[in-house]
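Participant: Sequence:
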Amino acid sequence: MADQEVPGSVRIRTGDGNEWRFDAMEKAAEFYDCNRSNAVAFACDDVAQLVEAAHEVLARDDLTEQQRREMAETLSTRTTSFEVSVRVDANVQ
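Per this note's numbering, the very first residue in the sequence shown carries number 1124; after that it's consecutive.
Hints are computed from structural coordinates only; laboratory data are not their basis. Fair warning: there could be bad hints in the mix.
Here are the simulated distance ranges between beta carbons [as the list claims (entries may be wrong)]: (1) THR1203 with ASN1161: 39 to 49 Å; (2) CYS1167 with ASP1126: 33 to 43 Å; (3) LEU1186 with GLU1149: 15 to 25 Å; (4) ARG1183 with SER1132: 17 to 27 Å; (5) ASP1168 with SER1208: 41 to 51 Å; (6) ALA1164 with THR1187: 16 to 26 Å; (7) THR1187 with ARG1144: 37 to 47 Å; (8) GLY1138 with ASP1184: 42 to 52 Å.
These figures come from a predicted structure and were not determined experimentally. Think of the CB as a built atom: it goes at the ideal place given N, C-alpha and C, for glycine as much as any other residue.
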């Protein structure tokens, strides 16, 4: 954020159909055992790392396709889904 000025506060709307956001922040605060503001920041940092780690695990060559598919299904959430595809390359000489 070197090029952007950091605001003094950030507002998260929790009304008008977005009440679930407050529940999510409360769950994160309980999980991280901290206040809601820190919990939101921790969760934002963690999600990128967790998704990257999931991609790395699913790309391992020592797993069967079935294992990858089961892991992808387990790791998928309401907003993030993982899919497994099989790629076959044929070299003809």
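Participant: State for each hint whether it applies.
Facilitator: For each hint, the structure was consulted:
| no. | hint | verdict |
| --- | --- | --- |
| 1 | THR1203 with ASN1161: 39 to 49 Å | violated, 22 Å |
| 2 | CYS1167 with ASP1126: 33 to 43 Å | violated, 19 Å |
| 3 | LEU1186 with GLU1149: 15 to 25 Å | violated, 36 Å |
| 4 | ARG1183 with SER1132: 17 to 27 Å | violated, 43 Å |
| 5 | ASP1168 with SER1208: 41 to 51 Å | violated, 29 Å |
| 6 | ALA1164 with THR1187: 16 to 26 Å | violated, 38 Å |
| 7 | THR1187 with ARG1144: 37 to 47 Å | holds, 39 Å |
| 8 | GLY1138 with ASP1184: 42 to 52 Å | holds, 49 Å |
Violated hints for the displayed structure, listed by number in ascending order: 1, 2, 3, 4, 5, 6.
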